[in-house]
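Just so you know, the protein sequences line up as chains A and B, in that order. If you're matching positions, the first sequence starts at 2 in the working numbering and goes up one per residue. If you're matching positions, the second sequence starts at 5 in the working numbering and goes up one per residue.
Derived from the structure by calculation, the hints contain no laboratory data. Check before you lean on any hint, since a few could be wrong.
Straight line, CA to CA, 30 Å or less: simulated BS3-like cross-link-like pairs of lysine-lysine [as the list claims (entries may be wrong)]: (1) 148/A with 202/A; (2) 227/A with 200/B; (3) 171/A with 106/A; (4) 145/B with 233/B; (5) 148/A with 17/A; (6) 200/B with 148/A; (7) 227/A with 93/A; (8) 106/A with 13/B; (9) 12/A with 171/A; (10) 171/A with 202/A; (11) 56/B with 202/A; (12) 171/A with 56/B; (13) 233/B with 171/A; (14) 200/B with 56/B; (15) 48/A with 148/A; (16) 12/A with 48/A; (17) 202/A with 93/A; (18) 106/A with 48/A.
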Amino acid sequence: MNLTLHVWRQKNPQAKGQMVTYPARDISPNMSFLEMLDIVNEELVLKGEEPIAFDHDCREGICGMCSLVINGIAHGHERGTTVCQLHMRHFKDGQEITIEPWRAKPFPVLRDLIVDRSALDRIMMAGGFISVNAGGAPDANALPVPKEHAELAMDAAACIGCGACVASCKNASAMLFMSAKIAQFAHLPQGQPERMDRVRKMVAAMDAEGFGNCTNQYECEAVCPKEISVRFIAEMNRDYWRAWL
Amino acid sequence: MGGFFQFAKSSIGSKVLMALSGAVLLLWITGHMLGNLQIYAGQDALNSYAEKLRSVAVFLYVVRVVMLVIVLTHIVTSVMLWVENRRARSSRYAYNNTVQATVGSRTMIWSGLLVFVFVLYHLFHLTWGTIHPEYAHLMQKMPGGGERPDVYSMVVLGYQNGLISGSYIIAMLCLWFHLSHGFSSLFQTLGLTSVKYRPLIERAGPIFATIIVAANISIPLTVLLGLVKPAVGGLP
Chain A
2 MNLTLHVWRQ KNPQAKGQMV TYPARDISPN MSFLEMLDIV NEELVLKGEE
52 PIAFDHDCRE GICGMCSLVI NGIAHGHERG TTVCQLHMRH FKDGQEITIE
102 PWRAKPFPVL RDLIVDRSAL DRIMMAGGFI SVNAGGAPDA NALPVPKEHA
152 ELAMDAAACI GCGACVASCK NASAMLFMSA KIAQFAHLPQ GQPERMDRVR
202 KMVAAMDAEG FGNCTNQYEC EAVCPKEISV RFIAEMNRDY WRAWL
Chain B
5 MGGFFQFAKS SIGSKVLMAL SGAVLLLWIT GHMLGNLQIY AGQDALNSYA
55 EKLRSVAVFL YVVRVVMLVI VLTHIVTSVM LWVENRRARS SRYAYNNTVQ
105 ATVGSRTMIW SGLLVFVFVL YHLFHLTWGT IHPEYAHLMQ KMPGGGERPD
155 VYSMVVLGYQ NGLISGSYII AMLCLWFHLS HGFSSLFQTL GLTSVKYRPL
205 IERAGPIFAT IIVAANISIP LTVLLGLVKP AVGGLP
């Protein structure tokens, strides 16, 4: 396959970036999107040019590091897929592909396609945990958890914190991420003691970071590689106003 | 009270206030539509209804103040949230794409502001009678002597003017887009939804919007088509 790439290049956080066009030649349809970029980068290195910087780690779809907006869709047009698991067979020979970084004020571009997602970590530090007394592991089944509750908590916990929800949201809101991080505890007994406190603290942290506000368009749900449901946003909203009563 | 302001300033807090004020406006719009439809019952029915509404004057002023507060809450929270949302996406994408966001959901601020401008025009026209004084002060002579505001003729004569009915129809189309998203959205924002009811709630918005807008638009259309005629002797 031969493709034309339009890639965001930006030297450092202060620099003014721009779109640059590169050809991608002799690409196998069985390559992943990142492997295709590796090929392009090899060519750039041979030519003595700076390779395109992009985030990646496990390349198995579970770490949440890869973060590319492809033709305007975070992680590309395949549903429930991270960029590293997106294969070139889903593109047409000769296609033009626009590759951009996550765009949100709380995610400053560090270089090219790499953004700083520490804002999500700071939200977690504000309340995305449970406080437990350290000691021996408790007995199994000492605390009964209904199956459906465990399943729901697990659905929420599938969030890998990649930030695609923020990137795809028309308002750069982090509410799908937040709601998943809240729901993974809200559906379990261990999460109850700090439940109301948690939602207030995490929302305050999210607002302080400068994320936008959800307008219920559900673009986040459409691009989430773990297909996390916006039901968790509704649950977070409900917990939030209840926390103020 | 400090707690309330802190709540109102937060992202979800302002969203909740916008949803609650929107919910009141939905009820208002529904009641208004039912009132409008009385035009089909004839001149006497509509004018009696209007007279009854006005006769509870104290109550009317309470309602006006409450509605003003509701409308201001809805507009202030939405404009503030919109400004924050714009700031959050300070650098724009070169390639914009949308997977499932509806047109209505993406144009809420504009459809809302257009409807607001129309509501102002509507109030100047019919409530305060300053824009089209020729339509706003018609009176119906009562058989036993005396007279009362002839709302029926105000509506019919007003809508015979193509510009007035045209602007009304355009405003109603904006309202359709606004309601189709707003109605469903309010349940999500208040957290009053579930996996089971989500498909129903998402469909309810466009259905509700269609009922309200179709009923309202039917009035200028039937007037323009001559199906609803000016009252005999309705002209002063």
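Which earlier hints can't be squared with this structure?
5, 11, 12, 13, 14, 15, 17, 18
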